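Colleague: Now for the letters of each chain:
Number of protein chains: 2
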Amino acid sequence: MRIITIGREFGSGGREIGKRLADALGVPCYDKEIIHEVAILHGLSPEYVDNISMKDIQFVYPSTIGRTFGATAYYNNSAITALASQQEVIKKLASQGDCVFVGRGADAVLEAFNPLNIFVYADKDAKLKRCMERATDGETEKEILKQMQRIDKSRAGVRNLLTDKAWGKKETYHLCVNTTGVEIKALVPGLVEYAKSWFEGQGE
Amino acid sequence: MRIITIGREFGSGGREIGKRLADALGVPCYDKEIIHEVAILHGLSPEYVDNISMKDIQFVYPSTIGRTFGATAYYNNSAITALASQQEVIKKLASQGDCVFVGRGADAVLEAFNPLNIFVYADKDAKLKRCMERATDGETEKEILKQMQRIDKSRAGVRNLLTDKAWGKKETYHLCVNTTGVEIKALVPGLVEYAKSWFEGQGE
Numbered sequence: 305m306r307i308i309t310i311g312r313e314f315g316s317g318g319r320e321i322g323k324r325l326a327d328a329l330g331v332p333c334y335d336k337e338i339i340h341e342v343a344i345l346h347g348l349s350p351e352y353v354d355n356i357s358m359k360d361i362q363f364v365y366p367s368t369i370g371r372t373f374g375a376t377a378y379y380n381n382s383a384i385t386a387l388a389s390q391q392e393v394i395k396k397l398a399s400q401g402d403c404v405f406v407g408r409g410a411d412a413v414l415e416a417f418n419p420l421n422i423f424v425y426a427d428k429d430a431k432l433k434r435c436m437e438r439a440t441d442g443e444t445e446k447e448i449l450k451q452m453q454r455i456d457k458s459r460a461g462v463r464n465l466l467t468d469k470a471w472g473k474k475e476t477y478h479l480c481v482n483t484t485g486v487e488i489k490a491l492v493p494g495l496v497e498y499a500k501s502w503f504e505g506q507g508e
Numbered sequence: 305m306r307i308i309t310i311g312r313e314f315g316s317g318g319r320e321i322g323k324r325l326a327d328a329l330g331v332p333c334y335d336k337e338i339i340h341e342v343a344i345l346h347g348l349s350p351e352y353v354d355n356i357s358m359k360d361i362q363f364v365y366p367s368t369i370g371r372t373f374g375a376t377a378y379y380n381n382s383a384i385t386a387l388a389s390q391q392e393v394i395k396k397l398a399s400q401g402d403c404v405f406v407g408r409g410a411d412a413v414l415e416a417f418n419p420l421n422i423f424v425y426a427d428k429d430a431k432l433k434r435c436m437e438r439a440t441d442g443e444t445e446k447e448i449l450k451q452m453q454r455i456d457k458s459r460a461g462v463r464n465l466l467t468d469k470a471w472g473k474k475e476t477y478h479l480c481v482n483t484t485g486v487e488i489k490a491l492v493p494g495l496v497e498y499a500k501s502w503f504e505g506q507g508e
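So the sequences go chain by chain: U and D.
Letter by letter, the first sequence follows residues 305 to 508 of our numbering.
Letter by letter, the second sequence follows residues 305 to 508 of our numbering.
Some hints here could point you the wrong way.
Remember, identical chains collapse to one label, so a pair may be satisfied in a single copy or spanning two.
To be verified - Pairs of lysine-lysine, BS3-like flavour, derived with a Cα cap of 25 Å:
id, residue 1, residue 2
1, Lys446, Lys428
2, Lys489, Lys500
3, Lys489, Lys396
4, Lys433, Lys396
5, Lys433, Lys469
6, Lys395, Lys446
7, Lys450, Lys489
8, Lys428, Lys396
9, Lys473, Lys450
10, Lys473, Lys428
11, Lys473, Lys457
12, Lys469, Lys428
Calculated directly from the structure, the hints in this document are not laboratory data.
Just so it is clear, the structure is predicted and the values come from calculations on it, not from any experiment.
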């Protein structure tokens with residue numbers, strides 16, 4: 305089984321890399337699809353599941369779901385239930401065959417599948433430029449920078465519920481790709497070959 | 305001009321990647337060669353130049369070489385002179401054509417050449433295993449771990465004299481390659497293609 309996961313900073317082009325890489329490999333890319341399936345399972349809106357952040361996680365005593373936080377505190381609410389369900393959906397999809405996951409802490413969820421875990425990042429200015437080009441609601445530079453910070457912080461926070469391996473730290477990943485100043489489309493053939501090499505080089 | 309620089313953690317296999325990548329691309333790989341040339345220029349031993357660390361850098365007032373440290377302190381001694389000379393040698397070699405540099409802060413020195421800057425790293429256990437396999441003087445695990453720490457600290461420190469871009473931080477590099485649990489030889493075809501892709505993708 306050859307599973308690739310893509311973690312990414314907001315605005316770095318990680319989602320585009322995931323989609324293009326999956327296309328080039330002829331395998332499915334899972335991103336919003338996971339969210340939709342989870343949302344349907346729980347009667348939640350996709351927007352709700354997509355935007356779960358740490359502020360949605362409430363601590364309750366006692367509970368049977370979640371990791372301990374401090375000595376005896378557990379968390380459990382619909383956000384946690386949705387996250388747990390998302391993990392099951394990710395595992396189910398991974399079991400079906402080779403694929404690419406974008407975000408959703410898939411690298412942590414799928415550790416037993418030994419996936420190739422890639423992190424995509426870029427300089428702040430490059431990310432801002434990318435977001436400004438794609439802004440559809442006339443967002444200002446300041447608004448986008450704020451959104452960037454908020455989303456990355458949320459990704460790191462939600463991830464901490466799943467694993468001790470820190471979001472965005474190079475040690476967590478097998479390959480970290482800086483998209484600053486480079487055309488993302490051009491990187492894909494290189495990433496395809498790198499992925500093949502990496503899977504072939506496993507088991508030393 | 306297509307220049308590739310390899311920064312690396314001690315024991316991660318960065319030097320092997322550099323050599324193999326250069327071989328696969330049919331270009332020269334510069335590493336010890338730089339040291340030897342610099343050493344000869346200054347009548348120093350290659351071992352001395354190879355092992356310049358922060359403790360060799362003394363602060364003197366006044367001087368004309370070096371960056372300010374604090375308000376008015378400059379540094380200048382034979383270690384700094386050798387480092388400055390090493391920079392000239394690196395630029396001279398880069399001007400001669402496509403090539404790969406391993407270490408020596410080449411990514412910082414060659415910024416104007418727009419090189420592809422790769423950082424090679426691995427988990428501590430993977431690096432230790434690699435070093436133990438290559439240990440020729442019967443070093444103990446403890447000794448190798450100490451050596452690892454000392455050399456990486458020295459690399460980071462000497463680098464700080466050249467640039468504000470931190471050694472080993474993913475933001476400093478275009479690609480970060482984790483060699484943990486993977487056969488280095490197998491990664492090379494992937495890295496060759498990635499390098500080609502990256503150079504083709506420049507100029508977005």
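Colleague: All hints are to be evaluated individually against the structure, with a verdict given for each.
Modeller: Taking the hints in turn, this is what the structure says about them:
With identical chains, the CA atoms of Lys446 and Lys428 are at most 25 Å apart within one copy only, with a shortest distance of 12 Å there and 40 Å across copies. For the identical chains of this complex, Lys489 and Lys500 are neighbours both inside a copy (18 Å) and across copies (13 Å), given an alpha-carbon limit of 25 Å. In this assembly of identical chains, the alpha carbons of Lys489 and Lys396 never lie at most 25 Å apart, being 29 Å within a copy and 33 Å across copies at closest. In this homomeric assembly, Lys433 and Lys396 never come within 25 Å of each other (Cα to Cα): the closest approach is 37 Å inside a single copy and 35 Å across copies.
With identical chains, the CA atoms of Lys433 and Lys469 are at most 25 Å apart between copies only, with a shortest distance of 22 Å across copies and 29 Å within one. Neither within a single protomer nor between protomers do Lys395 and Lys446 lie at most 25 Å apart by alpha-carbon distance, with minima of 38 Å and 40 Å respectively. In this assembly of identical chains, Lys450 and Lys489 lie within 25 Å of each other by CA distance neither inside one copy nor across copies; the values are 27 Å within and 43 Å between. In this homomeric assembly, Lys428 and Lys396 never come within 25 Å of each other (Cα to Cα): the closest approach is 35 Å inside a single copy and 33 Å across copies.
When the C-alpha separation of Lys473 and Lys450 is checked against a cutoff of 25 Å, the pair qualifies both within a copy, at 21 Å, and between copies, at 23 Å. In this homomeric assembly, Lys473 and Lys428 come within 25 Å of each other (Cα to Cα) both inside a single copy, at 16 Å, and across copies, at 15 Å. Taking the shortest alpha-carbon separations for Lys473 and Lys457, both the intra-copy value of 13 Å and the inter-copy value of 19 Å come in at or below 25 Å. For a Cα distance limit of 25 Å, the shortest separation of Lys469 from Lys428 qualifies both inside one copy, at 23 Å, and across copies, at 15 Å.
The structure fails hints 3, 4, 6, 7 and 8 (numbered hints given earlier, in ascending order).
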